[in-house]
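For chain S, the structure is supplied; the task is to place chain R on it using the hints.
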Amino acid sequence: MPDMQPLISDFVLKLKRRKVEGSHAVARQTAELLRSVVSQHRMGSTNQAAALADAIHAVGEHLIAANPIELAVGNTVRRVLHIIKEEDISFTAVGIEGLSVTAVSDDECDSGNDDRPTLSAAVLASHARNALRAPSLQTLLDDIPVSTALSHSSSSAGDSDGKTGDKSLKTRKLKHDVIAAIGDLIEEIDTCYDQISEQAVEHIHQNEVILTLGRSRTVKEFLYAAKEKKRSFRVFVAEGAPRYQGHALAKELVEKGIQTTVITDSAVFAMISRVNMVIVGVHAIMANGGVIAPVGMNMVALAAQRHAVPFVVVAGSHKVSFCRLCI
Amino acid sequence: MQFDDVHRVEKAKKRAIVNQSEARNRVELFRHLPQYVHGTQLPDLESKFFQLEPIHPSVYKVGLQYLSGEVSGGNGRCIAMLLAFREAIKDYSTPPNKTLSRDLTAKVSSYVSFFIECRPLSISMGNAIRFLKNRIAKLPITLSESEAKASLQSDIDRFINEKIVVADQVIVSHAITKVRDDDVLLTYGSSSVVEMILEHAHELGRKFRVIVVDSRPKLEGQGLLRRLVAKGINCTYTHINAVSYIMHEVTRVFLGASSILSNGTVYSRVGTASVAMVAHAFGIPVLVCCEAYKFHERVQLDSICANELGDPDVISKIPGRADLGDLKNWADNENLQLLNLTYDATPSDYVSMIITDYGMVRYS
Chain S
1 MPDMQPLISD FVLKLKRRKV EGSHAVARQT AELLRSVVSQ HRMGSTNQAA
51 ALADAIHAVG EHLIAANPIE LAVGNTVRRV LHIIKEEDIS FTAVGIEGLS
101 VTAVSDDECD SGNDDRPTLS AAVLASHARN ALRAPSLQTL LDDIPVSTAL
151 SHSSSSAGDS DGKTGDKSLK TRKLKHDVIA AIGDLIEEID TCYDQISEQA
201 VEHIHQNEVI LTLGRSRTVK EFLYAAKEKK RSFRVFVAEG APRYQGHALA
251 KELVEKGIQT TVITDSAVFA MISRVNMVIV GVHAIMANGG VIAPVGMNMV
301 ALAAQRHAVP FVVVAGSHKV SFCRLCI
Chain R
1 MQFDDVHRVE KAKKRAIVNQ SEARNRVELF RHLPQYVHGT QLPDLESKFF
51 QLEPIHPSVY KVGLQYLSGE VSGGNGRCIA MLLAFREAIK DYSTPPNKTL
101 SRDLTAKVSS YVSFFIECRP LSISMGNAIR FLKNRIAKLP ITLSESEAKA
151 SLQSDIDRFI NEKIVVADQV IVSHAITKVR DDDVLLTYGS SSVVEMILEH
201 AHELGRKFRV IVVDSRPKLE GQGLLRRLVA KGINCTYTHI NAVSYIMHEV
251 TRVFLGASSI LSNGTVYSRV GTASVAMVAH AFGIPVLVCC EAYKFHERVQ
301 LDSICANELG DPDVISKIPG RADLGDLKNW ADNENLQLLN LTYDATPSDY
351 VSMIITDYGM VRYS
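Note that the protein sequences, when read in sequence, are chains S and R.
FYI, in this note's numbering the residues of the first sequence are 1 to 327.
FYI, in this note's numbering the residues of the second sequence are 1 to 364.
Extracted from the complex, chain S is given alone in its bound form (with noise of 0.2 Å):
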């Protein structure tokens, strides 16, 4: 894809010199970037959805390696090279139970041909997936070989008349479903504050008192919502040394009427026996759990445990990564 190559070298550009920051961005970005490269990918005739995985996964490397902190750009990656192996096994079943259908038709007429097995498209699909995940005990121990069957499959749609226009039609609505699917992603992302300030009602009672530590945009969403649906609560906001972005969110709360008052940084473990919940917006969410947050979260966090003081993390799903104990 030599047209792409501008594209992607702007982005990586951009990316190292850190013109693209936070993670709601990044993650956009890097989604409609992938989407492009999809659209502008050239099929092969087979194995087209490993062939697209690995021009995917080639992109996506320069991509990581251009800013290896900010996780959002692994997660988007990751998550398209999950829709291109979900949408090519969805595909492969329906492909193979319109086969199947067309083969029993066929048996009606030819009722010799009984030494291809009719494979129902479920157990092809189950099978499918476990091919292109680790060899695990379970695949191990499967006895229909599923490369062969798939070669089966496909050499019985290259026997069949009329079947040659299909190919070109598959690679095209293969193509399409992942564009589909990356462009639900990318509305996923832009949608995630809204879906998740919808949730602020059921979490907010009257007269809360909540604690947040420096500036988070979904934090900043979630109790403007809660404000609309009139919930009277107060918000002790830390600053957040040493980028001070607590006062900004702080500026930003007073003008929509919620009582906020702001503390230094020490004073946490001080306020907090009064304080109802924590609510903080984070970098970062790790498989184990763990998050990845601005500096002086932990500090929050014990005193929150200490306490006995709910600690909500809100964040969206792009910001939910595949590693353990990154950085």
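Hint data in this document are derived by calculation from the structure and do not stem from the laboratory.
Predicted, not measured: the structure shown is a model, and the values here were computed from it.
Glycine residues also receive a C-beta, built at the ideal position from the N, C-alpha and C atoms.
Which chain S residues face chain R? A few, computed with CB under 8 Å, are given here:
#, residue
1, A241
2, A250
3, T261
4, A270
5, R274
6, A303
7, R306
Frame of chain S, contents of chain R only:
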């Protein structure tokens, strides 16, 4: 005094020498504590210097030093106050038809109210005042005025010497046994006793390095850092937010205290509780160094029932970061409050040991 009771506050204002401007945007949770905007009082008080008869000039001077923040720290404030009282007693003469003990006690009380208006008393100062009033009350009636005055002055000298100066030396000698070679010691803010321990250990030739943790708005750690580096001690300086990041390197934590309460709670500079909590989470021993005269018999369960509120304007301004002006006109908005706490209460289970002049006490 109950500051949330309007009548009492009005009465106190009429008697006040220091002009107490109305605090704007008060935090509801702390309505029971005095909240002053200190910045406007200093020039006002300076202008009244030659007009105030009842206040002795040395007492006045120390009051101004408290207001401006020149004298800070439990020991420093207590010593300054006692020396001012010593001067005042030296220049005191009993008015006719009055007994020395009662009149002097009343005078001392008036000086104390002046100090309170400048800055709320620390617990060390409260204990010292109680000691002095006790000595005045116990004066035998047979003593002449000059003898009584001399006795009181020597009492004050003895208090400063025994309870503060020698006590510090004893604490240092105890704590030195806890500093070994290749130790990484962490301290928070600026405590006079901890500074003495570190300097003494360095003089004895122990090899260790120090991590100074600091926090806004006072940034007291910077002064300590300068003095330690000048002595040649290897130091690292960081902000309190990074304490969980560097704690894995630390072997021991030394903290100072403003007071130790009777349930074992350590009442100290705000942020001490957080540092002790993180150290406890990492399993690192926390040693609190405190002179015995600072102990108090009251019990405090959290940092809100009794505390001192500092100037909220200091929070909105960040020195060196002129671009961060989000909170410039914070007082205009009734929904926004800034809170500047001075002290906090560290629960006793975070502390491994207290080192006092009476010995080392382990917390079970």
